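Participant: Spelled out, the chains give:
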Amino acid sequence: MRSLFSLCLFLLAAVVSAVSTSGNRLLVILDDVADKANYSKFLADLEGRGFQLSFETPKSESLTLFHLGERTYDHVIFFPIKTKGLGPNLTPNILVDFLNAKGNILLAISSGIATPNSLVSLLAELDIQLPADRTGLVVDHFNYDASSAPEKHDVLLLPPPGRLRPDIKDFFGAGAGSNEVLAFSRGVGAVLGTGELLTPILRAPRTAYSYNPKEQAEVVDDLFAAGEQLALVTAFQARNSARLTLLGSAEMLQDTWFDAEVTKPSATGGRKAKTFNREFAKRVSGWTFNEIGVLRVNWIEHRLDEPGNSASNETNPKIYRIKNNVKYTISLSEYAWTNWEPFTLPSDDDALQLEFSMLSPFHRLELTPETARSTPESTAYTVHFRLPDQHGIFNFKVNYKRPFLSNVEEKNTVSVRHMAHDEWPRSFAISGAWPWIAGIGVTVAGWLAFCAVWMYSAPPLTDKGETKKTQ
Amino acid sequence: MRPPQLFAPALLLLAASFAHAAWDFDDGSISVVAKQSGDSIKEKQVALLNPKAPLSKPVSLGSTSTLKLSLTAKDNGKGKRPHQAFLVLQEQESGLKAPFPLTVKENGKAAAQISQKDIPIQLLNAAKPLKASIVLASFGSSEGFNAPVFNVKIEADPAVPLSAYERPLRYGKKPEIHHIFRPDPKSPPKVVSLFFALAVVATLPALFIGWIFLGANLNHLSKAIGAAPLSHATFFGSIVAMEFVFFMYYTSWNLFQTLPVIGAVAVITLLSGTKALGEVQRRRLAGER
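Going down the list, the sequences are from chains A and B. Numbering follows the UniProt record's numbering, with no gaps: position 1 of the first sequence is 1. Numbering follows the UniProt record's numbering, with no gaps: position 108 of the second sequence is 108.
Among the hints, a few may not be true.
[As the list claims (entries may be wrong)] Simulated pairs of lysine-lysine, DSSO-like, Cα-Cα distance not exceeding 30 Å:
1. K327/A <-> K173/B
2. K401/A <-> K52/B
3. K109/B <-> K102/A
4. K327/A <-> K174/B
5. K131/B <-> K264/A
6. K78/B <-> K323/A
7. K97/B <-> K169/A
8. K411/A <-> K173/B
9. K186/B <-> K323/A
10. K323/A <-> K173/B
11. K80/B <-> K105/B
12. K174/B <-> K152/A
13. K169/A <-> K78/B
14. K173/B <-> K264/A
15. K80/B <-> K264/A
16. K173/B <-> K102/A
17. K264/A <-> K174/B
18. K152/A <-> K190/B
19. K323/A <-> K174/B
20. K174/B <-> K169/A
21. K152/A <-> K186/B
22. K97/B <-> K264/A
23. K174/B <-> K397/A
24. K102/A <-> K327/A
25. K214/A <-> K109/B
26. K97/B <-> K173/B
27. K80/B <-> K318/A
28. K173/B <-> K152/A
Derived by calculation from the structure, the hints in this document are not laboratory data. The structure displayed is predicted, hence computed values, not measured ones.
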């Protein structure tokens, strides 16, 4: 009975923790715990997806991200905090350590509240630059909400983001209705470095710009950034697949902007529209907390693929010979909110590639799906190829790194030996060797004939009928 | 009840004119000032800007010249300072943009100066002329102005090499690589090999004919067999067997299969050879050879 109970408990725990692929302990850091009322719908959505929320303020003594070297939380959300520093428990170093330990961070900042130094330094470490003086306001005089900001133009209406590049999956804006817009309210825009780990989720419209409302209220003399250079929502994915998302407008997540009604400015029709914020907030938080865009390698198999070679059924052998035909298969799954699904490439422009490399790749080949070995929750990708004519220590390497997808870097090392002496073609199969083989045959026959003649030859008869030898 | 009804059309009219309030500009002009060798400043290429339609001919901007833009921003016909007054250069192929804020005075007079060193390198290397738009907008309900007004063609200085722009790394598909195998070893044409193989084989009959011509024969075979039948048969047979062992080594055996057989055959050769060759010696001593 007791074991049955514990089994049920275990199953229940498994179901609850199935929400995210990397745990459900979520720390919410607020300036004042009472502020959470503003974000009640967003936080309720998170709880509904199975996260265990803990609320703390930066002043709290008990707040610690690590205990005995282990993470105490899997994910952290920062809402805007008024204090300048975050105290000794949330230094930029600790936050970087948290990312290094595969923790995920969702950072929501706001224009009205200067971003704490600790977070500015953390972002600078990731090559994300915020406006000087830790404050800035993004306005757009062409795309604003005419009902809530007819004067100040600081509530931007943006179409939900589409595909960033043709070969990248659209995680954040897919399925949005034509009359749904994102309301980006009193937010901060950031400028991103050129690193490959940074990806903008949402860019500012072409006519938007960022200014300092305190000093540049009259005239913009020194422009921080404008147009699509401004990233309003930014994704950072480290090499260990830890994720950090910078959300320029914390107000986006507030209840007032969830399912709200907004008005486009009269120049663009003045039509009413619904906000897409709730679904967008779900997707951004889901991406950050490893609920979508997570790849898993189920198994990898490589084997000899020679015709008619039944003895070579060994999987994943340690050694191959040069010029062997080889088959490589990798099985991949992608996590989508609640379950693992077969991974499919985002588009035809993308490719899953296998490198066969020693120092540098000798082959880089596209893998294609193999339906026979795919299952309802995984896709097997396979490729047949011929090993290069170079012996040495080689790697089968799948290095699939794409924006918004967790990194796949798989390396299997094998030796490739050269030909053994009895694996070359026989000399009689080589036409150039025929004169030499004939020479050996002639020598053998000549030797046998010589032996016979030497032993059994009678002295030749002379003309007189006598033997020559008798002198 | 009457007066408000009378007012209504007037209010509507007012609202309509208010809704149509829009930013615009006047007195727009661009000039390119080229600095020639020395100090002589030469002004050329002056063009007036039309807010309704872009200039048809692109303005060319040399490496030492400066593009000067001046205009008067107007809100609903009156000169006024907008909060946003940008000149935006856009590369036509990639869509990359570079904004340049104009310095605007209280009365709406705005100016900007751009030379090549202000323009980002991605735009400098553009093949097509850059599209220049002017954006004028501000807070409140006035509709902003955003329209292309002219094109700029960047004239590269032939003396200065173009600084190459290296695209930043982006995760994505990489080009495929297929290993290029070394060429297989080649044989001469089969006819040639066959001809020389036959030439080699032909030496054997030539050798036999030569021997026969010199008087070689096998006439003592019966005599030798008669004198020592077992040892002669074994000795000659073992020589043939040795050649057979070598043939087997060539076709299928390995060295460890071959060596014991060679040893056995060699012992037989040695034992039978002493007898057989003794018989040959006896024939020689008898004067029969």
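Participant: Each hint: holds or not?
Facilitator: Hint-by-hint comparison with the structure:
Between K327/A and K173/B, the direct Cα distance comes to roughly 21 Å. Compliance with the 30 Å bound is thereby established for this hinted pair. Of the pairs offered as hints, the one joining K401/A and K52/B is violated, with about 47 Å between alpha carbons and a cut-off of 30 Å exceeded. For the given pair, K109/B sits about 55 Å from K102/A by alpha-carbon distance, which is inconsistent with the 30 Å threshold. This hinted pair checks out: K327/A and K174/B have alpha carbons roughly 21 Å apart, not beyond 30 Å.
The straight-line distance between the Cα atoms of K131/B and K264/A is roughly 28 Å, inside the 30 Å bound, and the hint therefore holds. Of the pairs offered as hints, the one joining K78/B and K323/A is violated, with about 80 Å between alpha carbons and a cut-off of 30 Å exceeded. Restraint check for K97/B and K169/A: the C-alpha separation of about 25 Å stays at or below 30 Å, so the hint holds. With a C-alpha separation of about 18 Å, the suggested pairing of K411/A with K173/B holds against the 30 Å cut-off.
Taking the CA atoms of K186/B and K323/A, the gap is about 18 Å. The hint holds against a cut of 30 Å. Note on K323/A and K173/B: the hinted pairing holds, with a Cα-Cα distance of about 26 Å set against a maximum of 30 Å. Straight-line distance between C-alpha atoms of K80/B and K105/B comes to about 8 Å, which keeps the hinted pair within the 30 Å bound. Restraint check for K174/B and K152/A: the C-alpha separation of about 46 Å exceeds 30 Å, so the hint is violated.
At roughly 49 Å between alpha-carbon atoms, K169/A and K78/B are farther apart than 30 Å, so this suggested pair is violated. Under the criterion of a C-alpha separation no larger than 30 Å, the hint pairing K173/B with K264/A is inconsistent with the structure, at around 39 Å. The suggested pairing of K80/B with K264/A holds, with an alpha-carbon distance near 25 Å, which does not exceed 30 Å. A threshold of 30 Å between alpha carbons decides the hint, and for K173/B with K102/A the separation of about 26 Å falls inside it, so the pair holds.
Using a Cα cut-off of 30 Å, the hinted pair K264/A and K174/B is violated, with the two alpha carbons roughly 42 Å apart. Between K152/A and K190/B the alpha-carbon distance is near 90 Å, which puts this suggested pair outside the 30 Å criterion. Using a Cα cut-off of 30 Å, the hinted pair K323/A and K174/B holds, with the two alpha carbons roughly 24 Å apart. Proposed proximity of K174/B and K169/A is supported: the alpha carbons are some 18 Å apart, at most 30 Å.
For the hint linking K152/A to K186/B, the alpha-carbon distance of about 81 Å lies beyond 30 Å, and the restraint is violated. The straight-line distance between the Cα atoms of K97/B and K264/A is roughly 25 Å, inside the 30 Å bound, and the hint therefore holds. Proposed proximity of K174/B and K397/A is supported: the alpha carbons are some 14 Å apart, at most 30 Å. Of the pairs offered as hints, the one joining K102/A and K327/A is violated, with about 34 Å between alpha carbons and a cut-off of 30 Å exceeded.
For the proposed pair K214/A and K109/B, the alpha carbon gap of about 24 Å is at most 30 Å, so the pair holds. Taking the CA atoms of K97/B and K173/B, the gap is about 26 Å. The hint holds against a cut of 30 Å. In summary, the hint linking K80/B to K318/A is not supported, as the alpha carbons are separated by about 78 Å, beyond the 30 Å threshold. Straight-line distance between C-alpha atoms of K173/B and K152/A comes to about 44 Å, which puts the hinted pair past the 30 Å bound.
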